[in-house]
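**Student:** This is what each chain is made of:
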Amino acid sequence: MKKLVSVLLAAIMIFSLAACAKGGGTETTSAAPAQTEAAKTENTEAAETTVSADAPAWEKDTSPIDMEWFVGASWYGYTWGDSLSTKHITEKTGVNINIVTPTGDVSEELNLMMISGTLPDLISLGSWETCYNTLYEQGYTYALNELADQYDPYFWKVVDGSVVAWHTKSDGNLYCVPNDAYGAEQMAETGMTAAVQTFLVRKDLYEDMGSPDMSTPEGFLNTLRTLKNEYATYKGVDITPFYAQGGSGYGLTSYLQNFLAVPYEEDGKIYDRISNPDYIEWLKTFRQAYQEGLIGIDYLVDSDDQVTEKSNNGAYFCMLREWSGMQEANAILASSENPDSYYIAIDGPANSNGDAPLIFPGSLDGWMSTFISKDCKDPARAIAFLTYMLSEEGQKDIFLGVEGETYEVVDGKPQLTDEMIELMNSDPNTFATQYGLVDTYWMLRNSVIVDQWRPASPYYITAMSDWADKNAFVNGGIYNNLEPTGDSDEAIAATRINQRWQEVVPELITAASDEEFDKILSDFLAARDSYGYEKVVSYEQNLLDARKALFQ
Amino acid sequence: MRKKLHSVTAFDVVLAIFMALICFACVYPMWYILANSLAAPEIANRGPVAWWPKALSLDAYKVVFQNEYILSGFKIAILRTVVATFTHVFFTSMVAYGMSRKDLIGKKLYMKIAMITMFFNGGLIPNFILMIKLKLYNTFWVYILPGMFTFYNMVIFMSFLRSIPESLMESARLDGASEFTVYWKIVMPNAKPVIATIGLFTAVYHWNDYYQGVVYIRDKTLEPLQTILYKLLAETSMTAQQQQAMLALGGTTTSATVKYAAMFVGALPILCLYPFIQKYLVKGVMLGAIKG
Amino acid sequence: MNQQKAEKKMSNSSRFQRGIKDLWKQRELQAMVWPGLIWMAVFSYVPLVFLYIAFTDYRISTPLFENNFVGLKHFAAFLSDDRFWRSVYNTLGMSALRITLGFCIPIFFALMLNEIKNAKFKRLVQTLSYMPHFISWAIFGGILLTWLSQSGIINQLMMTLGLQDKPILYNGDPKKFWWIAFLSDTLKEMGWSAIIYLAAISGIDPGLYEAAELDGAGRWSKMWNITIQCIRPTIALLFILAVSGCLTSNFDQIFFLSNSANMARSETIDLYIYNMGIVSGRFSFSTAVLFFRSIIAYGLLRLCNFTSVKLTGESII
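Chains as they are written, first to last, in the working numbering: chain A, 1 to 552; chain B, 1001 to 1292; chain C, 2001 to 2317.
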């Protein structure tokens, strides 16, 4: 009897559980904002009396407080509090940070935190994450402008006006601040850009070949023919002729289009970059090269490990590749038995007019953006901390550390001590974990400020980066991320088109003839229309017009 | 002696060669991982080695064992594997025994109910909400309770239990044994091969699973080894695009060796488990019970 | 007439009473099954309520039942997408290999293992054969790609053996993908999958073999007439379970081995859900595809079992 009763009891329990689980989503999500609402009003009274735009708010309250900071990068491995820079900042501001990183997918983990009402205080993530829009559209984060007005008007002094304009959403609120945001004017002024797109060749091999011109289809093919006939193995390495970063979706699409100076718009209308004759001619050039056995399609197939292996051995001849990903390889090659085997940037594929390339320069979008979540216990301190980190003082503290200890001022210009630079170059890992300077904590890095303090790069880096800076299309930032994202109809159409295109590129390159190539391409263009290409274009057009309006 | 020699046929020789080839194919991947985890950085930089690196280094293992949570990870992983395996085998086999009985009233309905659980699931979000509601979120029991039962293992149990002679149980019942006693004293001892098999499957699943630790655990000291190793793996596999972060710092350590070392550290303990379970799979354990 | 009705009524109520009585009689047995049912209700059935989002435009911040009901919109979206049907085709193609050849190999391996006379060698083979199972696909996939590359060991081996005259980019050819997926999975899981058959074989009464030997049965005859016959129920069960899983693929494996060049043959339903649903944060759409697949898989299992009942008079599950 006892057993039966307990069984019945258990059964009843289940049904009640079922009932509460059904309401689960509601309770947890609605509870969180309500709680923080209360916290907000509480803090208002305390803060309002002392609010002032002349001094940063963090100076007024340096009592110890713990905050959680989500960094949306599973590969980010540094912690807060062990390194010199972060210790210093915690002592100064009282804010102790616990850095949390996702173990797997950023959006998956943030979605669950949203559901359970356990979002960290600060959240940094890239705009390409699917939950980026959810965070502010569905009310999980504070409007920074409101927090700033209420608690720390000094915020407005440390953020750039054009950055604010760029990141203000259609409801008039600013929800996040970016790092690494580059404005066109500032790039033109300083000559420093975030341009990374380059066409790289292996220096010794290229020079042995007589530094041939590779900017025209004929020059490109002829160089590859010479390579195949005379340099198939070079200094003991089997040479892989060509690499395109990101395979068909990037290296052979927008990246190549930038080199060919394919415009983004024509007479104010969004331009169909795929149908551009120069671009098609170059794709046919790659097809020709493939047919002759001059290049393969290994760059579409190889895993990251294999690409790294080939790069570190200097096995690639030429690459459409961002130089930032080649720093380690070039360092290895420059110190190898063939010190001239590192990669240098040269003029890459160009259009039939020989126009200068439109290298993407970086933009006001920046790289990752930081939010303050509504689950934050003390939004006043959070905005004050954010303001501090964004200010020149905060940037100096996190990038250069402590004056006299890790940096000194020479001729009025602060610079890292020689020991620090030495350590950074010889043992970057210890440098990062013990001192945590330079780019260790990049979440709120303001490139405009820190680039002036940045130690000079070695020759094997500048051999790549100088070209990119020189050829950056400084007004090109406005075209960044025009594509719709999320789960709207336009975004789904764009996703389908892109994913289809990624499959079509290998088909085009491996096509048996130019006729077959044309057939595949026209089939794709037809399919693209059926996926809703028009919707995508009109979305991009609206966005572009809105952006232009912003800067008039 | 003569008889033994005589009994080695051509087939045995072919079989031995065949099996040796299979062994090689199966061992080589593990060997490859071990060899590359031990490669010195200057060798590892140039790509993986096929047999054995010319210069050795334990740096990768240092990186793995320097992780502050590695010990608690081991502890949780062992505890979780042991507890989860025992509860799963006990619980699932008990239900399976009940379900395998032909005279069970409602059997057909129960089976239908159970079958649905194998095919339909609500997905991550409702399970997550459920764990919070049941107060299992961020506790050790989140590894145990949701994994106590699977339909798949239940039907495997049931199919093995069918081969136990009915007469054994009948005689026990005549002696006045309760159903639970029959299950515990008669059925379980006679089902050692399947218990060992399911136990092994479950133990290996729990040892290898990192996902529960990712989703349902926030307290790092409650994360099992594989979650910690997975995280380590993610940290060391920075792709080119992500290196944007490290404009001046360049790459970190040679990621590949750490990846292989983590893999090896994670797999070794459970690899050692098998020989102990194996004896239940090789011997015919049923025999004694039937004859006795 | 009335009497009959009354009798019927009587029998109805008495049948109910008898049912209760019978249930009470086997209360010990029921008490062993019910914890399982309760577990299922809590951990499997409660979350199923959430499948409702397949019929809505789900937003995370909105309570479940307050989301916009959109009917079969998401089902129509993928059922009318030829890419979805391509992924069904690929999944079925790979499953066909897995269910036929891939299903027989572990059985064959277990039988061969059973034929090894030297106990030590047998143990060694068995222990070594399941090693690859412990290598996660994230790592194994990476190693495999290295081996399959143009300078990898597979090309070297094939060229040494004279089977091909120049390196082939194995993983860039869609036509080869199913085989790559199948063979790599076989290498990784063969020894592991054989364990269950070994367990079944170890349960066979050695007396059967002794009796057969007395009758003069040879090695093959014993293998066929005793071993295979005795493990037949296990084979049948696992076969049915394998068939019902034919719309599922190993996501990790496919994810790490696929690329834009072989996508035409490598995108399975799981990868489709990932590419078209999860990447864009489309909860409702992903759930709809999963739901649809579950229904088909469940139907398949019922159909298999039904066929088995019709053919052999025995329910396998």
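One should not assume that every hint holds.
As the list claims (entries may be wrong) - These stretches of chain C come out as covered by chain B in the derived footprint (C-beta under 8 angstroms, 3 or more residues):
(1) 2092-2103
(2) 2127-2134
(3) 2167-2173
As the list claims (entries may be wrong) - Pair by pair, the computed Cβ-Cβ distance ranges are:
(4) A:Glu483 x C:Arg2232: 51 to 61 angstroms
(5) A:Trp128 x B:Thr1139: 44 to 54 angstroms
(6) C:Ser2151 x A:Asp355: 49 to 59 angstroms
Said to hold, decoys possible - List time: in silico DSSO-like cross-link candidates among lysine-lysine, alpha-carbon distance up to 30 angstroms:
(7) C:Lys2021 x A:Lys535
(8) C:Lys2073 x A:Lys284
(9) B:Lys1102 x C:Lys2310
(10) B:Lys1185 x B:Lys1107
(11) C:Lys2166 x B:Lys1108
These are calculated hints, taken from the structure and not from any lab test. The beta carbon of each residue, even a glycine, is placed where N, CA and C say it ideally should be.
**Student:** Look at each hint and say if it fits the structure.
**Tutor:** Do the hints match the structure? See the list:
1. 2092-2103: n = 0 at 8 angstroms, threshold three: violated.
2. 2127-2134: holds (count 8)
3. 2167-2173: violated (count 0)
4. A:Glu483 x C:Arg2232: 51 to 61 angstroms: 57 angstroms, holds
5. A:Trp128 x B:Thr1139: 44 to 54 angstroms: 34 angstroms, violated
6. C:Ser2151 x A:Asp355: 49 to 59 angstroms: Given about 38 angstroms between the Cβ atoms, the range is violated.
7. C:Lys2021 x A:Lys535: 68 angstroms, violated
8. C:Lys2073 x A:Lys284: 41 angstroms, violated
9. B:Lys1102 x C:Lys2310: Roughly 19 angstroms separates the two Cα atoms, so the pair holds.
10. B:Lys1185 x B:Lys1107: Holds. B:Lys1185 to B:Lys1107 sits at ~23 angstroms (cutoff 30 angstroms).
11. C:Lys2166 x B:Lys1108: 60 angstroms, violated
The structure does not agree with the numbered hints 1, 3, 5, 6, 7, 8, 11 stated previously, though it agrees with the rest.
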